[in-house]
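Student: The residues making up each chain are set out below.
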Amino acid sequence: MKEFQYVVKDPLGIHARPAGLLVKEAKNGRSEIVIEFGGKSADAKRLLAVMSLGVKSGNEVTVRVEGPDEDSRAEELKAFFEANF
Amino acid sequence: MLTISGKSVYQDICMGKLAFFKRQGHMIKRYKVEDAQTELARMEDALAKTREQLQKLHEKALTEVGEANAAIFEIHAMMLEDPDYVESIQNIITTQQVNLEYAIGATADNFAAVFEAMDDAYMQARAADVRDVSDRLLANLDEEKKDPNVFTEPVILVADDLAPSETIQMDKDMVLGFLMKEGSVNSHTAILARSMGIPALVGIGDTLIEAQEGTFAIVDGIEGKAYVDPDPETLQRMEERQREAKERKELLQSLKGQENVTLDGRKVKIYANIGNTRDIGNVLMNDAEGIGLFRSEFLYLESQDFPTEDEQFMVYKQVAETMAGRPVVIRTLDIGADKQADYFHLDKEENPALGYRAIRICLTRPEIFKTQLRAIYRAAVYGNLLIMYPMIISVEEIHQIKEIEKEVKAELQAEGIPFKGDIESGIMIETPAAALISDELAKEVDFFSVGTNDLTQYTLAVDRQNVKLDPFCNTHHKAVLRLIQYAAENIHREGKWIGICGELGADTRLTELFLRLGIDELSVSPSMVLEVRKKVRELDLSSEKTSGLPWGGGKEQYE
Numbered sequence: 001m002k003e004f005q006y007v008v009k010d011p012l013g014i015h016a017r018p019a020g021l022l023v024k025e026a027k028n029g030r031s032e033i034v035i036e037f038g039g040k041s042a043d044a045k046r047l048l049a050v051m052s053l054g055v056k057s058g059n060e061v062t063v064r065v066e067g068p069d070e071d072s073r074a075e076e077l078k079a080f081f082e083a084n085f
Numbered sequence: 086m087l088t089i090s091g092k093s094v095y096q097d098i099c100m101g102k103l104a105f106f107k108r109q110g111h112m113i114k115r116y117k118v119e120d121a122q123t124e125l126a127r128m129e130d131a132l133a134k135t136r137e138q139l140q141k142l143h144e145k146a147l148t149e150v151g152e153a154n155a156a157i158f159e160i161h162a163m164m165l166e167d168p169d170y171v172e173s174i175q176n177i178i179t180t181q182q183v184n185l186e187y188a189i190g191a192t193a194d195n196f197a198a199v200f201e202a203m204d205d206a207y208m209q210a211r212a213a214d215v216r217d218v219s220d221r222l223l224a225n226l227d228e229e230k231k232d233p234n235v236f237t238e239p240v241i242l243v244a245d246d247l248a249p250s251e252t253i254q255m256d257k258d259m260v261l262g263f264l265m266k267e268g269s270v271n272s273h274t275a276i277l278a279r280s281m282g283i284p285a286l287v288g289i290g291d292t293l294i295e296a297q298e299g300t301f302a303i304v305d306g307i308e309g310k311a312y313v314d315p316d317p318e319t320l321q322r323m324e325e326r327q328r329e330a331k332e333r334k335e336l337l338q339s340l341k342g343q344e345n346v347t348l349d350g351r352k353v354k355i356y357a358n359i360g361n362t363r364d365i366g367n368v369l370m371n372d373a374e375g376i377g378l379f380r381s382e383f384l385y386l387e388s389q390d391f392p393t394e395d396e397q398f399m400v401y402k403q404v405a406e407t408m409a410g411r412p413v414v415i416r417t418l419d420i421g422a423d424k425q426a427d428y429f430h431l432d433k434e435e436n437p438a439l440g441y442r443a444i445r446i447c448l449t450r451p452e453i454f455k456t457q458l459r460a461i462y463r464a465a466v467y468g469n470l471l472i473m474y475p476m477i478i479s480v481e482e483i484h485q486i487k488e489i490e491k492e493v494k495a496e497l498q499a500e501g502i503p504f505k506g507d508i509e510s511g512i513m514i515e516t517p518a519a520a521l522i523s524d525e526l527a528k529e530v531d532f533f534s535v536g537t538n539d540l541t542q543y544t545l546a547v548d549r550q551n552v553k554l555d556p557f558c559n560t561h562h563k564a565v566l567r568l569i570q571y572a573a574e575n576i577h578r579e580g581k582w583i584g585i586c587g588e589l590g591a592d593t594r595l596t597e598l599f600l601r602l603g604i605d606e607l608s609v610s611p612s613m614v615l616e617v618r619k620k621v622r623e624l625d626l627s628s629e630k631t632s633g634l635p636w637g638g639g640k641e642q643y644e
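In order, the protein sequences belong to chains A and B.
Just so it is clear: in the first sequence, position 38 is 38 by our numbering, and no numbers are missing.
Just so it is clear: in the second sequence, position 184 is 269 by our numbering, and no numbers are missing.
Hints were generated in silico from the structure; no laboratory data involved.
Certain hints may be false.
Using 25 Å as the maximum straight-line C-alpha spacing, the simulated DSS-like pairs for lysine-lysine come out as follows [claimed, not checked]:
{"id": "1", "chain 1": "B", "residue 1": "K505", "chain 2": "B", "residue 2": "K487"}
{"id": "2", "chain 1": "B", "residue 1": "K424", "chain 2": "B", "residue 2": "K505"}
{"id": "3", "chain 1": "B", "residue 1": "K114", "chain 2": "B", "residue 2": "K134"}
{"id": "4", "chain 1": "B", "residue 1": "K494", "chain 2": "A", "residue 2": "K9"}
{"id": "5", "chain 1": "B", "residue 1": "K581", "chain 2": "B", "residue 2": "K487"}
{"id": "6", "chain 1": "B", "residue 1": "K455", "chain 2": "A", "residue 2": "K24"}
{"id": "7", "chain 1": "B", "residue 1": "K331", "chain 2": "B", "residue 2": "K92"}
{"id": "8", "chain 1": "B", "residue 1": "K114", "chain 2": "B", "residue 2": "K141"}
{"id": "9", "chain 1": "B", "residue 1": "K114", "chain 2": "B", "residue 2": "K102"}
{"id": "10", "chain 1": "A", "residue 1": "K45", "chain 2": "B", "residue 2": "K341"}
{"id": "11", "chain 1": "A", "residue 1": "K78", "chain 2": "A", "residue 2": "K2"}
{"id": "12", "chain 1": "A", "residue 1": "K9", "chain 2": "A", "residue 2": "K24"}
{"id": "13", "chain 1": "B", "residue 1": "K310", "chain 2": "A", "residue 2": "K56"}
{"id": "14", "chain 1": "A", "residue 1": "K27", "chain 2": "A", "residue 2": "K2"}
{"id": "15", "chain 1": "B", "residue 1": "K141", "chain 2": "B", "residue 2": "K331"}
{"id": "16", "chain 1": "B", "residue 1": "K114", "chain 2": "B", "residue 2": "K92"}
{"id": "17", "chain 1": "B", "residue 1": "K331", "chain 2": "A", "residue 2": "K24"}
{"id": "18", "chain 1": "A", "residue 1": "K45", "chain 2": "A", "residue 2": "K56"}
{"id": "19", "chain 1": "B", "residue 1": "K341", "chain 2": "B", "residue 2": "K310"}
{"id": "20", "chain 1": "B", "residue 1": "K563", "chain 2": "A", "residue 2": "K27"}
{"id": "21", "chain 1": "B", "residue 1": "K334", "chain 2": "B", "residue 2": "K257"}
{"id": "22", "chain 1": "B", "residue 1": "K341", "chain 2": "A", "residue 2": "K24"}
{"id": "23", "chain 1": "B", "residue 1": "K341", "chain 2": "B", "residue 2": "K354"}
{"id": "24", "chain 1": "A", "residue 1": "K24", "chain 2": "B", "residue 2": "K145"}
{"id": "25", "chain 1": "B", "residue 1": "K102", "chain 2": "A", "residue 2": "K78"}
{"id": "26", "chain 1": "B", "residue 1": "K134", "chain 2": "A", "residue 2": "K27"}
{"id": "27", "chain 1": "A", "residue 1": "K24", "chain 2": "A", "residue 2": "K56"}
{"id": "28", "chain 1": "A", "residue 1": "K45", "chain 2": "B", "residue 2": "K134"}
{"id": "29", "chain 1": "A", "residue 1": "K9", "chain 2": "B", "residue 2": "K102"}
{"id": "30", "chain 1": "A", "residue 1": "K78", "chain 2": "B", "residue 2": "K505"}
{"id": "31", "chain 1": "B", "residue 1": "K424", "chain 2": "B", "residue 2": "K455"}
{"id": "32", "chain 1": "B", "residue 1": "K257", "chain 2": "B", "residue 2": "K352"}
{"id": "33", "chain 1": "A", "residue 1": "K24", "chain 2": "A", "residue 2": "K2"}
{"id": "34", "chain 1": "B", "residue 1": "K455", "chain 2": "A", "residue 2": "K9"}
{"id": "35", "chain 1": "B", "residue 1": "K102", "chain 2": "B", "residue 2": "K257"}
{"id": "36", "chain 1": "B", "residue 1": "K141", "chain 2": "B", "residue 2": "K354"}
{"id": "37", "chain 1": "A", "residue 1": "K9", "chain 2": "B", "residue 2": "K505"}
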């Protein structure tokens with residue numbers, strides 16, 4: 001299981017558009033991806049769940065990746081977060 | 086005549102009959118079903134049909150309002166694929182043995198409630214998205230559905246608020262304008278109306294009633310007003326305004342893509358000044374060749390605390406990318422005690438205009454300065470950025486700045502962070518001091534940009550905010566123009582360039598003079614770019630004529 005923390009920079013937090021991109025991205029690879037924030041967690045493939053975490057600018061989320069390709073996926077997701085959030 | 090106010094979304098005028106938008110009411114009935122499987126099958130069909138529709142709407146939106154605004158339809162499609170959404174409908178059907186319509190309605194209510202409960206305006210607005218996509222799903226199940234909004238002539242549409250799909254589905258030829266009871270200028274409707282170029286007012290409240298259907302009205306998107314059943318005076322005034330707006334539009338069409346060149350072949354660059362990333366659209370729409378002044382203060386003023394390097398980086402990167410290779414001159418923060426940025430903890434000053442501001446803050450609080458520079462150098466990789474320093478009065482300041490620039494670049498290098506350090510860096514000529522030692526300054530920097538507003542203020546010792554002083558504030562004062570000329574000669578002697586980013590740049594009575602002085606670039610507000618271009622294209626500098634110069638005579642005046 002791989003895990004990393006990320007502080008969201010986008011002024012709108014995790015809003016509809018990047019959340020949509022995340023859902024698309026999460027469907028790649030063979031690992032389960034979970035976003036955790038404020039005591040709640042959401043399967044990154046579930047748009048409404050991700051959005052209802054209510055992550056705002058400056059909030060720190062924990063991203064957990066679990067699966068056969070978790071190493072590479074974790075790296076890819078880190079880059080993805082940097083570029084989109 | 087009834088006068089209504091609202092927030093304008095698009096600055097144009099339209100006239101026509103009012104039509105009230107009829108939203109298809111979905112009377113959701115709840116009833117028991119014998120066979121849950123049939124309902125589940127109906128659900129799959131409806132989902133498939135709706136996804137297809139959203140795909141088509143997405144494609145239509147892409148061509149009409151661009152990718153960023155069209156993305157909402159992709160989001161809606163994704164909501165329909167969201168396992169939580171689908172499973173919720175399925176569960177309600179199977180556990181309660183009820184009809185699909187009810188299951189959709191209840192699911193929509195539940196998810197909308199989650200968003201509405203969030204303490205974030207943006208997220209609360211997403212509740213509308215959940216409802217919109219659910220309504221679409223329900224509409225597809227209603228076989229008797231007829232579109233009640235079919236118009237026989239172009240109308241002004243009145244509605245509470247419109248969902249994105251409702252706006253994009255409008256036949257643009259049939260809609261002259263929108264009058265929205267609710268909504269903010271950043272709602273979907275507003276954004277789409279703006280992209281479609283349709284006059285719209287939002288937030289007009291409950292002043293219109295259905296009984297007014299068919300009444301003639303005028304929407305004035307320039308003033309943010311609407312007139313229902315206008316009196317003859319108003320009608321005449323608006324018709325005149327409409328003519329002017331039409332002329333401006335045609336000007337835009339005719340001058341876009343044209344070169345900024347005089348009749349005798351002299352060229353000048355015309356850029357735009359902006360104070361926010363929201364204005365970038367205007368810059369491109371008005372065909373500016375670049376951004377001559379990007380006021381970075383908004384990042385600091387719109388924040389409750391110092392914007393981080395990454396936050397700044399994202400913004401500068403966005404500008405750089407959106408401008409796609411066109412130059413963007415970023416002016417480092419120009420904040421003083423007169424601007425609202427409490428977290429800077431600036432002392433109250435008697436004379437903030439002469440006070441601890443801009444580069445003075447940056448040089449004495451280098452952590453703030455370095456953060457901004459780091460963000461700019463990092464973003465410079467993505468486009469064509471230049472840096473400009475405000476309020477300069479001495480060569481010493483420039484030397485200090487260069488030391489800090491060097492440090493920042495070395496640090497980024499050592500940290501292995503990608504950046505572009507060899508970008509042009511220039512200074513504002515906005516103090517008499519800078520203009521008068523511009524011969525020395527010209528050797529130290531890559532370009533000058535004249536901030537005529539402050540230069541005028543400091544040179545004439547006039548507070549430009551004080552209306553009483555208007556008779557004393559001659560914006561064409563010889564003193565100011567002489568300083569500009571002196572700075573221009575000095576920078577050109579070094580083979581470098583000078584621009585004007587203050588209001589005087591857009592003063593077409595001075596365009597000829599500026600060109601005669603050899604000014605290389607005029608940076609004006611986006612809406613003035615084409616006006617200035619028009620003036621430039623009408624000029625012929627080879628002629629002996631000196632009309633348009635307020636004092637007569639030519640360059641010899643200054644020698």
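Student: Is the Cα-Cα distance between B/K581 and B/K487 25 Å or less?
Tutor: holds, 18 Å
Student: Starting from B/K141, check that the Cα of B/K354 is at most 25 Å away, please.
Tutor: violated, 42 Å
Student: Check the hint pairing B/K102 with B/K257 against an upper bound of 25 Å on the C-alpha distance.
Tutor: holds, 15 Å
Student: Given the hint that B/K102 pairs with A/K78, does the C-alpha gap stay at or below 25 Å?
Tutor: Distance of about 54 Å is beyond 25 Å: violated.
Student: Under the criterion that the straight-line Cα-Cα distance not exceed 25 Å, is the pair A/K45, A/K56 satisfied?
Tutor: This hinted pair holds, its Cα atoms lying about 19 Å apart.
Student: Assess, step by step, whether the Cα of B/K424 is no farther than 25 Å from the Cα of B/K455, and give holds or violated.
Tutor: Given that 25 Å is the threshold and the Cα spacing comes to 21 Å, the pair holds.
Student: Hint check: B/K141 vs B/K331, CA-CA at most 25 Å. Holds or violated?
Tutor: violated, 33 Å
Student: Does B/K141 lie within 25 Å of B/K114 when you go C-alpha to C-alpha?
Tutor: Judged against 25 Å, a Cα distance of about 30 Å means the pair is violated.
Student: Compare the distance between the alpha carbons of B/K341 and B/K354 with 25 Å, and conclude whether the hinted pair is satisfied.
Tutor: Holds, at about 14 Å.
Student: B/K341 and B/K310 were given as a pair; does the straight-line alpha-carbon distance stay at or below 25 Å?
Tutor: violated, 29 Å
Student: Can you confirm whether the C-alpha distance between B/K334 and B/K257 stays at or below 25 Å?
Tutor: holds, 18 Å
Student: Below or equal to 25 Å on CA atoms is what counts here, so check B/K114 against B/K92.
Tutor: violated, 38 Å
Comparing the model with each numbered hint stated earlier shows that hints 2, 6, 8, 9, 10, 13, 15, 16, 17, 19, 20, 22, 25, 29, 32 and 36 do not hold.
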